[in-house]
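*Asks:* Residues per chain are reported as follows:
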Amino acid sequence: MPKSYTEILRDLRASVPELSPLEVELALERRPDTLILDVREESEWEQGHIPDASFIPRGYLEQSIEGETTDHDRPIVTYCAEGIRSLFAARTLQEMGYANVASMAGGFRAWKAHGLPWKTPVAFTTEQRQRYSRHLLIPEVGAEGQKRLLDSKVLLLGAGGLGSPAALYLAAAGVGTIGIVDFDTVDLSNLQRQVIHTTERVGTKKTESARTAINALNPEVRVVLHEEVLDDSNVERLIAGYDVILDGTDTFETRYTLNDAAVAAGIPVVHASVFRFEGQLTVFVPYEGPCYRCLYPTPPPPELAPGCSVAGVLGVVPGIMGMLQTNEALKLLLGVGDSLAGRLVIFDALDASFTELRLRRDPACPVCSDAAREARAAGRPLPIPAAAGAAPAAGQPFVLGGRGVIA
Amino acid sequence: MSTVRIPPVLRPAAGQNKQVDVSGATVGEVIEGLIGRYPNLRQQLLTDEGGLNRFVNVYLNDQDIRYLGELATPVDDRDTVVILPAMAGGAG
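Residue numbers (my numbering), protein chains in the order written: chain G, 1 to 407; chain W, 1 to 92.
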């Protein structure tokens, strides 16, 4: 027998419990896992919504709800603008087996009228929605995460073997600002692994070449070029304002200089190094895990640590390690997953094996120990033993324990 | 016999081996046993006083021996000793 709209509504109200906005707020306090489901249209959602609400327009409810939750006992509160569409949505959920569903009476309008908190979602352009659609689909990234990436600043030390894949994937991911520190020009021998450069650009500056590739992939990324060699005199200025640093440098001097300044500035460094068929990877998060000096208090003699130009490297190894660095950087920026802070991974390309080692903060570290931190805060940084790759006094050449390092 | 993992930079001094099985009751004995077989490793691993060089880390399985019992850390037959030297290569 046909029913009028009024009759349908009456039946709905008989089967779907309704909660006032204040009751919804209380329910959220009692059960923080309550799913608040906004079933309005996208144009309404964009005008503002309840914080932490999930958004599924009513027309997509049946096909999308299982992507949000499959727990039939989880409390769910649906809401719309006035509290009518949410009744229909709640009924649908009941039919699908969700046992603990309610609709918010009066909808978002009543919520706002009660002075309860609400927020405006991140606005993307149509092009951004398309470009980042695969990120927007992942709950751990979503609109909030993508916005965070767009607002992020990542510094690459070196546009070389590690920096090439990192720059490309950071740009593709929509990291808003990518800084590149590199003083080199593109050489034909770089192209076996430094895939951000091209044969055509041999002889041009690596920073410029990288910017061309980054902006060809994603024109909205701001690329900041630092054509400088990172050293004690400029490190503080170069790293200031960046959220994460990817260390892809080739010398121990730079790695120690970077470490000391990054710890002092509280900026995480994603560290990787490569040698022939092997790579090492870890993350130095100041004070949460060890720093580079905790791991290696002293640089090795040059004969034990030749660079790629002497020892050679399988091109794909820095590619893989640079990608793993990028993965760590994105996790840090998004605040998801477990970072490699306190863990070091050795990748062996010949075995295709990963070995994981536990790293610890050195309680006597001259840079990141509690004592070092307090001393720095008091304006009297602890001296770094000369043999431990100390920063030289201003104006003096940088020499590590009297030994040079093969670049 | 414990298995010692030789890092690439030290393989030329260790007969190009990636892994070497060495017997010993402590990490120190295992390292000495390794050096006994490949004497060129001594200078690269140990100081003149017989301690471990600070630019080389040694792990028993996944734990840094500096936080266990240093070179006196006891070793079991099924343990793996990992030698980890610093590497600088990245950009070049």
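One or more hints might be untrue.
Claimed, not checked - Derived DEER-like restraints, expressed as beta-carbon distance ranges:
(1) G:D348 with W:E49: 24 to 34 Å
(2) G:T69 with W:A72: 15 to 25 Å
(3) W:N61 with G:G312: 26 to 36 Å
Claimed, not checked - Covered stretches of chain G, as calculated for chain W (at least 3 residues, CB under 8 Å):
(4) 18–25
(5) 58–72
(6) 268–277
Hints in this document: simulated from the structure, not taken from any laboratory. Virtual Cβ for every residue (Gly too), placed ideally from N, Cα, C.
*Asks:* Are the hints correct? Go through all of them and say.
*Replies:* Going through the hints against the structure:
With their beta carbons about 32 Å apart, D348 of chain G and E49 of chain W fall inside the hinted range of 24 to 34 Å. In this structure, T69 of chain G and A72 of chain W break the distance hint of 15 to 25 Å, their C-beta atoms being roughly 54 Å apart. Between N61 of chain W and G312 of chain G, the C-beta spacing of about 30 Å keeps the proposed range 26 to 36 Å intact. Figure legend: the region 18–25 of chain G, annotated as covered by chain W; annotation inconsistent (0 residues with Cβ-Cβ distances under 8 Å, at least 3 required).
Chain W is given as covering the region 58–72 of chain G, and this is violated because 0 residues of the stretch bring a CB closer than 8 Å to a CB of that chain, at least three being needed. Only when three residues or more bring their CB closer than 8 Å to a CB of chain W does the claim for the region 268–277 of chain G stand; here the count is 6, and the claim holds.
Checked against the numbered hints above, the structure violates hints 2, 4, 5; every other hint is satisfied.
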